[in-house]
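This is what each chain is made of:
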Amino acid sequence: MKKANIKQLATDNIVIMVLILLVVGFSIGNATFLKPANVINLFGQMCLNAILATGLTYVIILGGIDISVGSAMAITGILAAKAVLALGAQSTAVIIVIQIVVGVAGGAIIGLFIGWLVAYRRLVPMICTLSLMQAFRGLAYIISGGGPVYGLPNGFSLLGAGRLIRTESFKMGIIPCIVIFTIIVVIFFHIILTKTVFGRHVFAVGSNASVAHMCGIDTKKVTLKSHTICGITAGLAGVIAASKVNNGHPASGDGYEMFAIAATVLGGTSLAGGSGSVARAMFGCAIIAIINNGMTLMEISAYWQKVVIGAIIILAVMLDMAQKGKSE
Amino acid sequence: MKKKVLSALMATMMVVSLTACGSGAATEKEDSKETAKTEQTEETGETKDLSELKLAFIVGTENDAFYQSVQAGIKAECEKLGISSPTMADQQLDGSICTDLINNYVAAGYDGIALSANDPAGTVPALQAANAAGVKIFTFDCTLDDEYIDEYISFVGSDNKAGGVTAGEYIAEHAPEGSKVGCITYASAQSTQDRQAGFEETIQAAIDGGKDLTLIESMDADNDQSKAADIMQNWVTQYGDELSYIFVVGDPTGYGALSAIQSAGSDTKIVGFDAGQTACEYIADPEVGKIWVAEVAQDPEGIGAGIVGKMAEYFQTGAVAGDKKDLIECNLVTAENVKDYLK
Amino acid sequence: MRPFLQVKNIAKEFPGVKALEDISIDFYPGECHALVGENGAGKSTLIKIIASIYKPTRGEVFLDGKVCNFKSPKDALDAGIAVIAQETAIAPHLSVAENMYLGCEPKKANGMLNRKKMESDAQEVLHEMGLEIDAHTLCARLTAAQLQMVEIAKVISKHAKVVVLDEPTSSLSEKEIESLFEQVRKMKAADTTMIYVTHRMAELPVICERCSIFRDGLIVAEYKVDEVSEQTIVNSMVGRELGAYVKPEHTAKEEILRVESLCQQGVFKNISFHANAGEIVAFSGLVGAGRTEVMEAIFGATKITSGKVFLYGEEVHIRNPEDAISRKIGLATEDRRRTGLLLKKSIQENIALPNLPFHAKKGFVNVPWEKETSDVYMEKLKIKAPNIKTLCGNLSGGNQQKVILSKWLAAGVKLLILDEPTKGIDVNARAEFYALMNKFVEDGGCIVMVSSDMPEIIKVADRVYVMSEGRQTGELNRQEINELNLISLASPVSEESDPN
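Chains as they are written, first to last, in my numbering: chain X, 86 to 413; chain P, 12 to 354; chain F, 34 to 533.
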């Protein structure tokens with residue numbers, strides 16, 4: 086009985102098992118991997134993906150998708166940089182307020198637009214966001230004038246690159262601000278998804294839109310709101326990415342959508358809709374970040390990194406499918 | 012990865028949109044041809060041929076400051092030589108888009124196409140077809156492998172490998188004995204691969220020649236600042252101040268590495284490639300200049316002007332004098348000479 | 034004679050439900066063996082086991098004396114077991130011939146499709162069956178009956194040795210049924226082993242030799258059809274349950290719903306009726322008469338073209354289901370699995386779904402309320418499941434319907450619209466469900482029920498409206514409700530819709 090339970094637990098949490106294996110493997114293979122400094126780096130490096138995956142989880146639970154998030158990132162990143170320069174903000178507090186306002190508002194407008202197209206104009210999400218991925222990227226170049234927006238005050242990089250609590254051995258600080266910010270965003274949207282009526286409605290619409298409709302749920306509004314949330318997280322990720330490198334660059338976020346979708350799916354969110362979790366998507370983000378970090382430390386060729394990331398995602402999804410198939 | 016997933020859809024969309032662009036451009040050309048003809052009577056015979064030429068210039072990506080400058084150089088030189096409204100196109104760093112563009116221009120009856128062969132192998136079949144149709148091919152910035160040297164008339168570009176060598180020599184000279192050096196690269200383009208190779212070979216030669224350096228495995232940042240920052244952060248954690256110098260194959264990669272070095276407070280120094288305005292300002296800056304110490308400068312306007320010159324020469328004389336490959340030297344920009352590069 | 038197909042000691046369990054217990058039947062070649070029983074008695078499960086769609090929990094299937102170890106439905110098909118399901122498995126955009134040879138297309142020596150041979154073979158089979166269907170026709174152009182024939186032609190072309198017909202006559206006319214039986218007789222003459230699932234007792238003596246009676250996953254009796262009367266079969270089918278529910282007297286109270294000249298372009302027109310507190314009003318008619326559409330329009334799920342709806346005497350404009358629910362109207366749809374329940378969600382989540390906004394605290398789900406309510410209704414309606422976390426997909430039809438009822442009771446609805454409420458529910462669960470409906474109207478609620486099951490209407494309705502082809506054809510009060518009246522009002526008025 087007990088043996089069966091352990092086996093069940095293992096198959097239920099295959100992604101966590103992969104994660105543990107990776108950690109064990111890299112800590113044996115490289116002495117730096119488990120050093121506190123690297124662990125701090127690791128948490129910092131999974132943040133952008135984590136913020137993106139948070140919002141994507143909503144639209145994927147709905148049975149939709151948004152592959153324009155990477156391009157949306159570039160837009161808000163540039164807007165935040167431009168806004169800070171235009172307003173001549175110098176104080177760090179003001180800059181952070183500008184960053185968050187631009188991230189949330191810019192992202193919300195983008196998300197509302199996508200949500201409106203998908204919910205009220207009935208566009209297929211894949212095609213809709215595929216087109217917008219191009220359009221947004223183009224807009225980013227137009228707004229920025231083709232190159233990076235730079236010359237920003239130091240405060241601009243606090244959210245993305247700053248660290249708190251400085252000590253003797255950690256002169257630059259221990260806790261990256263980006264980690265604190267990400268934790269807040271992730272917990273906030275995790276609670277919205279799991280504890281609120283709206284969150285329940287997201288699952289209901291994703292499971293079966295007709296049933297949800299007949300139960301008095303405005304399925305279009307739920308779709309609109311979910312895309313708005315996805316837009317907001319993309320907007321925030323864009324601002325954070327710009328902050329991390331202290332400039333707004335129109336090429337920022339290129340290809341990020343695939344890693345965010347991969348992390349979400351690794352976290353057990355079904356692309357068919359109806360089930361998923363923001364919290365579990367974080368395991369997916371951790372896996373991807375650990376592979377990148379660990380392989381750089383071990384000086385494994387960049388080409389192999391791509392192969393390994395692809396292979397591990399396929400493996401995890403396959404195991405997940407096999408396990409789901411059995412339960413049906 | 013993204014490209015694989017979307018390729019089917021993209022291909023369809025691109026073909027449709029580009030065919031549309033191509034034919035649009037062609038009609039525009041017809042109009043300008045007519046205007047040219049009416050003016051002809053007063054013009055001297057010297058520039059007559061040039062004003063009638065239909066030329067297309069395909070850059071790697073219009074999203075990049077380097078190619079923007081190349082385009083500026085092309086436009087300026089065309090104006091100077093009286094080549095009316097040359098067609099400017101963007102292959103978006105995608106060999107299949109480039110192929111479509113070439114096919115469109117061949118179909119539209121262009122006289123000559125100049126392209127940056129960012130995906131040399133992928134564009135060869137289209138170039139062979141273009142040659143068979145009598146369209147003259149020129150390359151700039153990136154060119155074909157020597158195996159296919161007959162497929163183009165002339166090439167103008169930076170010597171990317173020599174640029175990498177220049178960076179390598181600077182680092183080999185300045186890096187303290189016993190330290191480590193590395194390269195953050197972009198593995199998906201020929202030009203950046205050449206820079207990386209030039210750098211790595213030079214460092215290796217210095218090591219073989221007795222210099223006590225360690226060359227760590229080069230990493231690919233996909234031309235993404237944030238990824239470059241993550242790689243740099245990992246390196247700083249792993250090697251600390253032992254890592255004395257890094258070479259970045261392009262400016263955006265450098266911005267990312269810079270931010271990681273700044274936030275870690277590390278002593279690693281950057282040598283970049285491109286010498287865009289931002290990078291030059293960094294070198295000139297008293298604070299940032301301590302980290303970003305040097306740049307390998309290309310001459311994009313010179314490349315643009317150079318290729319137009321070669322085309323003009325060919326269409327007027329039927330041949331191009333001198334070497335088939337015209338490699339424009341890369342210069343090293345440091346705090347001493349950075350003033351010349353600031354606009 | 035030796036049985037060709039045997040099932041021995043078959044048992045099948047689903048999570049929380051025993052679908053079959055210890056079933057053993059011998060099927061003989063050249064005979065038609067009927068499987069009869071109420072919905073949910075286990076007939077379909079047994080067929081799926083024979084066709085290797087399900088694996089039995091216990092027991093074995095023997096084909097020609099040998100144990101079958103089929104890994105997939107395709108293995109069973111290759112061994113000569115063909116199932117013609119209730120809903121036809123025909124690809125509408127392919128031709129008749131293409132459908133008949135789907136997956137086993139004849140090929141030329143070079144590996145290309147031999148279209149000529151495929152079409153001539155198909156035409157020959159159709160011709161032999163005496164059908165006037167052109168093998169080139171797109172299946173989308175055929176009637177339901179013709180599609181059924183194409184399915185049979187497909188089976189014949191594959192020379193199946195065992196043919197299972199799952200309620201083939203449910204959507205066919207008398208004439209079409211006769212030609213279907215003709216095919217069955219031909220197949221029997223060719224020594225095919227036939228298995229026939231039906232609800233229509235009258236069909237048994239016509240084409241079947243034997244019958245097995247299913248009840249609650251068990252075989253309660255097996256007869257030779259010519260040795261017993263129809264009544265015997267019906268009695269053993271329903272057991273002692275027949276007549277367990279006695280229609281109570283209801284007294285209609287105040288009017289709750291009144292509908293005047295409701296129209297929806299091209300779907301229904303001029304529907305006018307009223308329903309009072311304390312009564313069960315039924316809508317009778319044939320499938321496709323437009324009853325479901327009327328109910329969905331009243332519930333706000335679809336838009337009306339014209340007409341008025343009154344609640345408690347006041348005119349209302351119900352724009353969407355949300356609006357309807359807030360006005361205390363509930364609708365239990367016909368297709369529970371597709372539009373009624375979230376099958377992959379728990380009982381608790383399903384009961385709570387329409388009620389969440391009304392009990393939320395600042396947008397947050399009121400989890401204690403949710404749990405308590407689910408527990409209360411689970412107890413009250415005797416929903417059979419391990420606990421409120423059980424997924425609805427694992428429940429039997431009757432229990433699923435109880436969950437749906439619970440969610441509307443929890444919403445405190447006054448007007449409950451039930452669309453085919455006992456479709457696919459076994460006899461015991463039906464009686465239970467009728468009692469729940471009765472309790473609801475006695476407590477002052479009003480039920481509008483759509484049902485195609487005439488005995489059900491006669492058993493439970495206080496008043497009946499009959500619809501035919503999108504029009505209202507009559508109203509029957511309690512004394513007038515009988516089969517004759519229902520049938521005559523439900524029949525299409527004109528003959529022009531008759532395909533023949």
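Be aware that one or more of the hints could be misleading.
[What the hints assert, rightly or not] If you want the footprint, here are the derived chain X segments under chain P, 3+ residues with CB under 8 Å:
hint: 1; stretch: 116-122
hint: 2; stretch: 189-199
hint: 3; stretch: 226-233
hint: 4; stretch: 244-254
hint: 5; stretch: 269-281
hint: 6; stretch: 285-292
hint: 7; stretch: 386-393
[Said to hold, decoys possible] Label pairs and their computed distance ranges (CB to CB):
hint: 8; chain 1: F; residue 1: Asp108; chain 2: P; residue 2: Tyr159; range: 48 to 58 Å
hint: 9; chain 1: F; residue 1: Lys141; chain 2: X; residue 2: Trp389; range: 42 to 52 Å
hint: 10; chain 1: X; residue 1: Ala357; chain 2: F; residue 2: Thr170; range: 52 to 62 Å
hint: 11; chain 1: X; residue 1: Ile91; chain 2: F; residue 2: Arg174; range: 52 to 62 Å
hint: 12; chain 1: X; residue 1: Val109; chain 2: P; residue 2: Pro136; range: 47 to 57 Å
hint: 13; chain 1: X; residue 1: Trp389; chain 2: F; residue 2: Cys137; range: 27 to 37 Å
hint: 14; chain 1: X; residue 1: Ala357; chain 2: P; residue 2: Ile160; range: 19 to 29 Å
hint: 15; chain 1: F; residue 1: His192; chain 2: X; residue 2: Ile91; range: 50 to 60 Å
hint: 16; chain 1: F; residue 1: Pro139; chain 2: X; residue 2: Ala357; range: 44 to 54 Å
hint: 17; chain 1: F; residue 1: Gly426; chain 2: X; residue 2: Ile250; range: 27 to 37 Å
[Claimed, not checked] The following residues of chain X were derived to be distant from chain P, with all beta-carbon distances above 10 Å:
hint: 18; residue: Ser112
hint: 19; residue: Ala168
hint: 20; residue: Arg207
hint: 21; residue: Ser362
hint: 22; residue: Ile397
Rather than coming from a laboratory, the hints here were simulated on the basis of the structure.
Ideal Cβ positions, reconstructed from N, Cα and C, are used throughout, including at glycine.
Discussion item. Hints numbered earlier in the text: which of these fail when held up against the supplied structure?
Written reply: Numbers 2, 5, 6, 10, 13, 14, 16 and 17, in rising order.
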